[in-house]
Each structure stands twice: as structure tokens, then as C-alpha cells.
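A.B. asks: Read off the chains here:
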Amino acid sequence: MTDMASLMEDRAAAKVISGNLRKPVDWDSPKISRQIKKRYAAERRFKMYGLSAIAIALLALAVLTYSIGSKGYTAFFQTYVQVEVFFDPAQIDPDGTGDPAVIGKANFDGLIKESLRKRFPEVTDRRSKRDMYDIISGGASYDLRERVMENPSLIGQTRKVWMISGDDFDMLNKGYISADVDEGDRRLNDEEISWYHALQADGAVEKQFHTRFFTNGDSREPELAGIWGAAVGSLYTLAVTLALSFPIGVLAAVYLEEFAPRNRFTTIVEVNINNLAAVPSIVFGLLGLEVYLNVMHLPRSAPVVGGLTLALMTLPTIIIAARAAIKAVPPSIRQAALGLGASPVQTVTHHVLPLAMPGILTGTIIGMAQALGETAPLLMIGMVAFIVDIPGSALDPATVLPVQIYLWADSPERAFVEKTSAAIMVLLGFLVLMNGFAVYLRKKFERKW
Amino acid sequence: MKKTLAVAALMSVAFVGAAQARDQIRIVGSSTVFPFATAVAEEFGKTSSFKTPVIESTGSGGGLKLFCAGVGEEHPDITNASRRIKKSEIETCGKNGISEITEVKIGFDGIVLSNSKDAGQLDLTKEQIFLALAKTVPSKDGKSLIDNPYSTWNEIDSSLPTVKIEVLGPPPTSGTRDAFTELVLEEACEEFPVIAELEKADKKKFKAVCAGVREDGAYIEAGENDNLIVQKLEANKDAFGIFGFSFLDQNGDKLQGSKIEGIEPTFEAISAGDYPVSRSLYFYVKNAHVGTIPGIKEYVSEFTSDKAWGEEGYLADRGLIPMDAAERKAVHDAAMNLAPLSM
Chain G
1 MTDMASLMED
11 RAAAKVISGN
21 LRKPVDWDSP
31 KISRQIKKRY
41 AAERRFKMYG
51 LSAIAIALLA
61 LAVLTYSIGS
71 KGYTAFFQTY
81 VQVEVFFDPA
91 QIDPDGTGDP
101 AVIGKANFDG
111 LIKESLRKRF
121 PEVTDRRSKR
131 DMYDIISGGA
141 SYDLRERVME
151 NPSLIGQTRK
161 VWMISGDDFD
171 MLNKGYISAD
181 VDEGDRRLND
191 EEISWYHALQ
201 ADGAVEKQFH
211 TRFFTNGDSR
221 EPELAGIWGA
231 AVGSLYTLAV
241 TLALSFPIGV
251 LAAVYLEEFA
261 PRNRFTTIVE
271 VNINNLAAVP
281 SIVFGLLGLE
291 VYLNVMHLPR
301 SAPVVGGLTL
311 ALMTLPTIII
321 AARAAIKAVP
331 PSIRQAALGL
341 GASPVQTVTH
351 HVLPLAMPGI
361 LTGTIIGMAQ
371 ALGETAPLLM
381 IGMVAFIVDI
391 PGSALDPATV
401 LPVQIYLWAD
411 SPERAFVEKT
421 SAAIMVLLGF
431 LVLMNGFAVY
441 LRKKFERKW
Chain C
1 MKKTLAVAAL
11 MSVAFVGAAQ
21 ARDQIRIVGS
31 STVFPFATAV
41 AEEFGKTSSF
51 KTPVIESTGS
61 GGGLKLFCAG
71 VGEEHPDITN
81 ASRRIKKSEI
91 ETCGKNGISE
101 ITEVKIGFDG
111 IVLSNSKDAG
121 QLDLTKEQIF
131 LALAKTVPSK
141 DGKSLIDNPY
151 STWNEIDSSL
161 PTVKIEVLGP
171 PPTSGTRDAF
181 TELVLEEACE
191 EFPVIAELEK
201 ADKKKFKAVC
211 AGVREDGAYI
221 EAGENDNLIV
231 QKLEANKDAF
241 GIFGFSFLDQ
251 NGDKLQGSKI
261 EGIEPTFEAI
271 SAGDYPVSRS
281 LYFYVKNAHV
291 GTIPGIKEYV
301 SEFTSDKAWG
311 EEGYLADRGL
321 IPMDAAERKA
331 VHDAAMNLAP
341 LSM
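Keeping their order, the protein sequence lines are chains G and C. For the first sequence, the positions run 1 to 449 when the numbering used here is used. For the second sequence, the positions run 1 to 343 when the numbering used here is used.
Chain G with its partners taken away, still in its complex shape (with noise of 0.2 Å):
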């Protein structure tokens, strides 16, 4: 009876509320069909913004790396140009002495001279020479001293030489200069570019990789000028970069977030520290020629300046980045290292900072690679500067990569247009190395839970 009453009452109420609720959606009714279509396009539209916006991104860096690429790769490889050449003993060591100081001093250029106008005898007007002459360039005479330093015997013989070539000599074999203009209106005349075409015929002419470019320092002459002073300038100056601005950034970050009270004072580091991240580069250059040249009266274009300079400007990034990793380890860790008796500086060095690693280092890297694309703060402390000799130590004069592409873009020559493209593959091949190290970081040190 009991519940006959109490099954009554259930379907009562169940009526009432049933009565209460909508009807049950008809999903298959056209006009739900019509929104749900709505939807699905909506989101399929999104999708491709997301799309054409990596597309847009990826079409840019075809372009940049296809127009760099296209108009830099000859730069790897320099036109060499054979010739027959007769080791003089009158002219390299008259004496027979065999004394290496001797041979070092004697006048190789005038054996190459001697070559060419044996190669074209028919050349004796003194204009035309001197034309003949550019086919190879000022620096050969330096290799072949080399190669009879290294091996005297061939004093006396002759010998069919591969030489590099003038920088002119070497746009023509590339293509860049065409000879269908008037004759005038080129840097070579005809008579050079029949001189051209003899030795081609000869099979004389050839491209060679060109490991000068690797090798040397910056030169005038284009077929020797090199990346590598201006590399080594780099990493001098990102080694002082790194050893300041790393472990005074880590320390900052670490004391803000750790340790440092709330109060008016922290908050207004905070708020510069932030600030100076978007400071105009050239800010931090006239800093460094004020406090590190002027005052501390450091050596000018020496790239510990320059590392000193660039770590100011790096600083506020490491700051940032570092504070937002350490701000990211769980509280947990902390609250468990506090509870097992740990003093607030172990649980820092033994727990959060393994912890942050990943995400500091990621954040050095990447301040890393901005210092070394930077040239407006180095033009302040004299490192725009042509320099030839590769520095030897962070306090020689030195350049940097970013700044050697800028001298060379700015040179006359033409064919220091390639060497430009060429010199900014390498400096992106610098970065992407240095990506690629900060993405393994992360992937060792990376931690879940």
C-alpha cells in the first residue's frame, strides 16, 4: 500500500518535471543541422588563418634563404687559373744557400708576373701588362712562397701551378660580368676577356672550394678576404657576453623570486628590469663608451668592451627568462625540501635550480643569439673597423660577424655581394647551431611531473 502510494507520488513529480524541461532537441531537425554546419566551418576557418599564417611565415623564410642562398653560394667556391710556372734559383736564392730567410724573401710576385707574360707573349704595351697582371691576384705570391718553403727541391724546376685569381677575373668566370656591353662600360675589356677565353680554352680555368673564406681575416681584395677574424671576434666577445651576464642574471632572477621581500623597492626593480629589456641597443652601446672607454679607459675595439657592452644588454632577457622558470617549479618541491629539514639555500641550489635549468638556459641561449646579431652598440665602441689580423686574445681588436656583413655590403667591388650572402649564411648557420644546442638542452634537462 505503502508503495503503490510512494510509486504515485514518484510519477507525479517525474510529470512535474518533465512538464518543467524543454522538449528533447531534435538533432537531426534542418535548422540544428544548418548551426552545427555553422560551426564546424567556423572552425575549419580558424584552422586555416592558423595555416596561411605558417604558410606566410615559411614563404618569407623560402625567400630570405633563397635569395641569400642563390646569390652567396659562388662565394664557396673562387676561380683558379693554372699556369706554368719556372721556379727561378736566380731570382728565389741566388746563392744556393737553401736559408729559408732567404727564400721568404724573395720576390714571388715577380715569378707569377714572369709566368703570365711568358703565358701571353704577345702582350707588350705597359697598360696591357698591368691588365695581364690582375688575371691573378696579389695574394698568390704568398702561396707559392709557401709551397717552395715547404719544399725547396723545386728551386730550378717548372711547374704547372694552380693560382687564385683576381676578384674581376673571378665575376666573369661566374657569370657576373657580361661581355655583350660596350667594352667601356665593364671592368674588363676585351683583350682581357680574349685572355679569358685562351686560358679556358687551356683548360686552366677552374673553381676550387674556397677555403680562404674560412680561413683568413678581412682584406680589400675580395677573393681573400675571410670570415674567420671576424668569427673568432665573435666568440671572444659572447665568451665575456656569457661569463658576465649568465651567472650575475641567474643570481638576480634567483634572489627576486626566492628571496627578496614584496615590498615598493623589489617592485620597482622589477618594473626597470622589464624596462630595460626593450631598450634600443645603441643605448647600451653609448653606456659602454662612456663607463668601459672614457672612464675605465679600456683598449678600444677589443672585444672584451664589446662582451662587457652586450652583457648589459643581454642581462634583462636572462633576468626574465630565469624568473619565469624558477617561477614555474611546482611549490611542492620547495614546500618537501623545506619539510625534510632543508635550508632555504639547499632547496634552491639542490631542488629549483636543477629544476629551472632547462628554462634559464633556454632563455641564455636565446639572449646569446641576439647579442651576437647585434652591430648598433659595437659601432659606439670601435668595432665597425677594418681589421686584418685575426685576434689573438678578448683584448686585440676584433669584429664581429654581423658587422663584417655590414662593412662588406657596404664595399664597392662587386664581387663582394656573394661574399656578403656567404658571410650571412654563416652567421645563420652560427644561429641555428645555437638554437639547436638550446632545444637539446632542454630536451636533456627536461623534467615532468
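Take the hints with a grain of salt, since some may be wrong.
As the list claims (entries may be wrong) - No more than 25 Å apart at the CA atoms, straight line, and that leaves these computed lysine-lysine pairs for BS3-like:
(1) 254(C) <-> 113(G)
(2) 71(G) <-> 87(C)
(3) 87(C) <-> 65(C)
(4) 237(C) <-> 71(G)
(5) 87(C) <-> 105(C)
(6) 129(G) <-> 46(C)
(7) 135(C) <-> 207(C)
(8) 71(G) <-> 254(C)
(9) 203(C) <-> 113(G)
(10) 203(C) <-> 126(C)
(11) 105(G) <-> 51(C)
(12) 117(C) <-> 129(G)
(13) 174(G) <-> 232(C)
(14) 71(G) <-> 232(C)
Read the hints as simulated data drawn from the structure, not as lab findings.
Once you've looked at the hints, dock chain C against the given chain G.
C.D. replies: Here is chain C on its own, set in the frame of chain G:
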């Protein structure tokens, strides 16, 4: 701890380094002279027992500022300039203890107005260039000054082509721009009676009118990079560019220089002084450093040798236009005696 030590060591090394004597010449200054000075420096480094000098490209004004900052090895020994040193700069030098400076004139540089070979060659007068580029120009009836109304070349003179005026040139910070303003615009503007009258009435305004370059897009500041201008001219055959002669010399297969006052910018015409837009290039030596820093005299000697700055020297190959033999000899002798400049 290790890192702090490393940093400390680095800093101390830095200070020791600063205390060491400098055995390398330091040169600053003009970006126009830079390609010539670097060529000399490289040759000097290769053929002498001295180190290759370090050369910074700071611009003429910036170079003289550094040069005049004082005597001592932290200051440069030589500065290059694409214009003559100013009286005010000599005074600054004097105030900082630099009493003796040797001036060495090294040759000439032409400034060219050039365009792509695919278009026709122009023959312009300085007045026409002024009308094309100045911000304010005399009105057609010549009575008043108006904002530059010309948008195509033929509006200035019917003999010129019906092509939009589009000139790429250096920014005001550049020495090339200074020289162009002085040699073309300022000279031309005096030829207009209405502006010449202004000279007596309002000197300040006169100066502004003569040196004011239009900002409505017809003159495009292309930065200090002349190669960039060359590339843009290749792409746009209607555009003209203003830059140094050496860039025209290197790109003669693609570009042509416009005739100015009927004279084409060629090596010979500039050398003979016929081409109207050419300037002298200089470098300045701090006499107090000669003897303290090794090699300065030898560097000057290399620069002023016929092998370098002669008619067939390696600097001529790079586009420097040499002086005649008599002047070269006079400058060389004065330079070797370190005859101080007096103005």
C-alpha cells in the same frame, strides 16, 4: 665561486691590457675614404714590419670628434675626412692639447647622379637639379618662393623626359650629402634672383632654402649604403641615385652617370677638374703621436707613394681620382716633414 674568479681574472687582464703600450696605428673617420685607407693599410701591413692599422668607419664628423678628443694612446692617430677640417674643429683640438695637425690631401672623389642604362642619359644643369630636389623653389614667374610643385622631369624643362622625379640619395648625416648640398644645391640657388635677394634680407631663411631637400617622397633617403642604391637603380629604371664615383666605376655595365653642365662624370673629367661636382679627400695626422706610436710616418709615406695614389696606383683602381704629379709631390713633401696645418 669559480665563475666570480673567472670574471675577476678577466677584468684584471683587461686592465693590464689597457696599460700596455699600443703598437698599432688607429685610424677613424669618413666612410668615403674608408675603402682607400683600408687598401693602403692592408698593403702597409703586408709590406712593412709594422702591424696592419685598425681603421674605423665613423664618418668625417665623428672621426674628427674622436681625433680631437686628446693626445694619448687611447685616442686615434689619424682621421680620414671627405671634407676639410672646420675651424671650430681645430679649436676643439687645440683645447684638448692637440696643437699640431698635418693635413694630407689624397685626391678627389666625384659625386654622380646616375640611373640605369636601360633609360636615357640626362644632361642636367645645377639649376635643374635644384628645381627637382629642393624643398622650396621659385615659382614659374620667378617672383615668389613656393613648395616644390614639380613631379616629373619635363615639368622643369620640356627637353627632359616625361618621367616621375625619383632620386635616391644619402641621409643628412652623410659627408656625400653635405658635399652634394654644397656643390650643387647651394651653388644653384644663388642663380635664382628671388633667392639671391633673400640672402640680403634674411640670411637664415636663405640658408634653409638653399640646403632644404624636399620631403614629399621625390627624394628618398636610402641610408649610407651606396650598394643598396645601385641595386635599386637596377630594378627601377626611372629612378636616379646620388653616390660616389667609385660605385659608378664598379657598375659601369649597369649604370650611367648623368651629365652635369654638359660634362659626363668620367675619371678624366673629374681628374682635370672639369666635372663640377667633385670634392677633395683628406686625412689628418696627429703630430704628437708620431714617434710614440710606431709606423705612422711609414704609413703616410705608403699612402703618398706613386704606387698607391699615382695615376696607375692601386688607389686609382679603387676609384680614387688622383691629383696631378706636381701637387702630389708638394703634398707628399709637406706630409713627410709633418708641416702643421694653420688656418
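A.B. asks: The structure should be examined with respect to each hint, and the outcome stated for every one.
C.D. replies: Status of the hints after comparison with the structure:
no.	hint	result
1	254(C) <-> 113(G)	32 Å, violated
2	71(G) <-> 87(C)	46 Å, violated
3	87(C) <-> 65(C)	13 Å, holds
4	237(C) <-> 71(G)	22 Å, holds
5	87(C) <-> 105(C)	17 Å, holds
6	129(G) <-> 46(C)	23 Å, holds
7	135(C) <-> 207(C)	12 Å, holds
8	71(G) <-> 254(C)	18 Å, holds
9	203(C) <-> 113(G)	61 Å, violated
10	203(C) <-> 126(C)	22 Å, holds
11	105(G) <-> 51(C)	18 Å, holds
12	117(C) <-> 129(G)	30 Å, violated
13	174(G) <-> 232(C)	22 Å, holds
14	71(G) <-> 232(C)	16 Å, holds
Of the numbered hints stated above, those contradicted by the structure are hints 1, 2, 9, 12, listed in ascending order.
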